[in-house]
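Line by line, the protein sequences give chains A and B. Using the working numbering, the letters of the first sequence map in sequence onto residues 1 to 280. Using the working numbering, the letters of the second sequence map in sequence onto residues 1 to 280.
Treat the hints as calculated values from the structure; they're not laboratory data. Any given hint could be a false lead.
Simulated coverage check for chain B against chain A, where a stretch passes if three residues somewhere in it have a Cβ under 8 Å from a Cβ of chain A [unchecked claim]: (1) 3 to 17; (2) 86 to 99; (3) 110 to 117; (4) 120 to 126; (5) 129 to 135; (6) 264 to 274.
Stretch by stretch, here's where chain B covers chain A in the computed footprint (C-beta under 8 Å, at least three residues) [said to hold, decoys possible]: (7) 6 to 16; (8) 104 to 117; (9) 148 to 158; (10) 252 to 266.
So the derived label-pair ranges between C-beta atoms look like this [to be verified]: (11) T154/A / E152/B: 54 to 60 Å; (12) G153/B / L86/A: 42 to 48 Å; (13) E279/B / E152/A: 48 to 54 Å; (14) D13/A / V1/B: 37 to 43 Å; (15) R256/B / P43/A: 56 to 62 Å; (16) A47/A / Y241/B: 51 to 57 Å; (17) R190/B / L86/A: 28 to 34 Å; (18) D201/B / S259/A: 44 to 50 Å; (19) S259/A / P43/B: 47 to 53 Å.
Just so it is clear, CB atoms sit at the ideal spot from N, CA and C, and this is done for glycine as well.
2 protein chains.
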Amino acid sequence: VHLKLTIEYDGTDFSGSQLQAEGRGRTVQGEIEAALGRLAGEPVRVALAGRTDSGVHAIGQVASLDFPERARLERPVGVMRALNGLLPADVAVTAAEVAPDGFHARFSARKRAYRYLIWSAPAPRPLLSRYSLHVRRKLDLAAMAEAVSLIEGTHDLAAFAGQAMGVPQESETEDRPSTVRTVYAARLKRLDARASFWAWDAPECQETSNEGTLLAIDLVANAFLPQMVRTIVGTVLEVGYEKMEAQAIPAVIQSRDRSQAGPTARPHGLCLIWVEYPEF
Amino acid sequence: VHLKLTIEYDGTDFSGSQLQAEGRGRTVQGEIEAALGRLAGEPVRVALAGRTDSGVHAIGQVASLDFPERARLERPVGVMRALNGLLPADVAVTAAEVAPDGFHARFSARKRAYRYLIWSAPAPRPLLSRYSLHVRRKLDLAAMAEAVSLIEGTHDLAAFAGQAMGVPQESETEDRPSTVRTVYAARLKRLDARASFWAWDAPECQETSNEGTLLAIDLVANAFLPQMVRTIVGTVLEVGYEKMEAQAIPAVIQSRDRSQAGPTARPHGLCLIWVEYPEF
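With the sequences and hints as input, model every part of the structure.
Structure below.
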């Protein structure tokens with residue numbers, strides 16, 4: 001039976017999502033395939049929607065796979081429960097459904113959404129530090145918001161592609177992979193104080209005093225180049241530091257030159273949020 | 001100069017907040033005192049508002065201390081910045097202010113607030129797993145809410161005190177420590193979907209499909225007995241599993257017998273949120 005699985009993971013202790021060429025390093029794909037193999041009694045391969053770097057998290061990663069009928073776990077929820085009993089604590093299957101034979105987690109995907117979290121404050125936040133980049137310097141948020149919005153549209157985004165362009169790409173269809181991507185939405189958001197599991201709104205409240213702003217840079221695109229979100233975030237931060245003008249973003253894009261963009265932001269602030277497919 | 005510091009930590013890799021009798025184990029107090037000692041060039045001792053067990057987190061822990069004048073970091077914010085430069089990533093000073101000489105983080109505290117997070121769902125959530133207890137079994141939330149509310153008031157809460165009662169208590173004033181505590185508020189809350197750094201409310205949204213409910217058990221009291229929150233949570237979960245009636249809670253309290261209460265819930269769902277002091 002052909003299955004679609006939704007997968008959540010804390011990327012901190014993973015060497016990325018994809019099996020390494022040398023088979024070394026602990027990967028999300030490796031853990032899922034190992035659990036599936038134990039369940040099925042034979043090797044099962046999965047395809048993942050998005051390739052995430054070492055340290056990058058996912059709340060809505062998607063996998064497609066053929067699960068052997070004879071394993072007698074035809075109900076998708078049964079596969080989900082059994083897999084979660086075998087998987088380590090930092091990765092889990094959060095939904096499972098039967099998919100049509102032609103469904104492929106990577107090639108069928110129409111849109112992907114990523115969020116990068118930035119904790120902008122004088123003091124760090126240990127309870128957010130696995131999932132957000134701490135920035136001590138004051139940021140020009142208006143300029144950052146403008147810079148982010150200039151990423152929207154269909155562009156050749158080679159300037160934001162990491163060194164890994166030799167590796168096969170999402171949505172690659174030719175020998176020479178295209179670096180044109182359509183960015184449907186690019187936004188800087190201030191997450192409100194409620195965006196915390198520990199926010200306290202009871203009447204006897206004394207709010208905790210860690211003063212700062214939690215920012216999200218949200219990107220939705222048909223597909224992403226390697227390290228594209230991290231490079232965009234690194235560039236937008238240069239604008240926030242007033243080292244670059246927001247209005248310079250179109251020229252950076254036009255240059256198709258990675259050296260015109262900012263540094264690659266660290267991976268731990270990034271999370272793959274959802275992947276969209278045609279309905280089936 | 002006498003200082004009040006607010007401290008946040010991820011308790012996962014700590015052997016609790018307090019220095020161990022044998023000086024063994026990595027503790028929050030140990031890390032803070034080590035950083036202060038390096039800054040001051042002499043030993044500095046701190047007092048902490050709440051004793052948290054191994055694995056318990058804090059967003060609003062409070063420390064009081066005397067910082068030697070000659071260290072020339074009189075401005076509290078200077079002490080905060082310098083300490084954060086020395087502290088490891090899982091603990092930070094998030095606020096600092098000058099306090100009157102009589103201020104003591106533990107003995108001056110009037111109220112403490114703790115939150116215990118429960119992820120109630122068929123599938124685990126790896127991105128919450130450091131900070132919440134995953135419960136697969138279906139829970140009777142109405143009965144749990146009633147059970148929690150019955151903890152409010154001034155009671156002898158010996159039935160909810162862990163084995164560590166030989167250790168000096170918060171608010172201990174006599175040789176034989178009292179187990180009477182006043183619980184100002186005890187509530188079960190459903191945290192809404194926005195209570196996540198990754199909640200996505202944009203129009204092109206496809207919400208992630210991890211179906212479940214994030215619950216908080218919130219307790220505000222003048223002081224807490226050892227493992228009191230965790231034992232209350234373990235007891236309330238027995239009610240949620242329909243192994244115990246909510247109406248049995250007053251009898252459990254009256255028994256003063258630990259064996260009448262439920263098991264001690266695991267520490268990682270617990271967080272010290274805030275501590276209240278008289279204004280100064």
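So, going through the hints one by one against the coordinates:
no. : hint                        : in the structure
1   : 3 to 17                     : holds (count 4)
2   : 86 to 99                    : holds (count 7)
3   : 110 to 117                  : holds (count 4)
4   : 120 to 126                  : holds (count 5)
5   : 129 to 135                  : holds (count 4)
6   : 264 to 274                  : holds (count 3)
7   : 6 to 16                     : holds (count 4)
8   : 104 to 117                  : holds (count 4)
9   : 148 to 158                  : violated (count 0)
10  : 252 to 266                  : violated (count 0)
11  : T154/A / E152/B: 54 to 60 Å : holds (59 Å)
12  : G153/B / L86/A: 42 to 48 Å  : holds (46 Å)
13  : E279/B / E152/A: 48 to 54 Å : holds (49 Å)
14  : D13/A / V1/B: 37 to 43 Å    : holds (42 Å)
15  : R256/B / P43/A: 56 to 62 Å  : holds (59 Å)
16  : A47/A / Y241/B: 51 to 57 Å  : violated (39 Å)
17  : R190/B / L86/A: 28 to 34 Å  : holds (30 Å)
18  : D201/B / S259/A: 44 to 50 Å : violated (36 Å)
19  : S259/A / P43/B: 47 to 53 Å  : holds (50 Å)
The structure shown violates the earlier hints numbered 9, 10, 16, 18.
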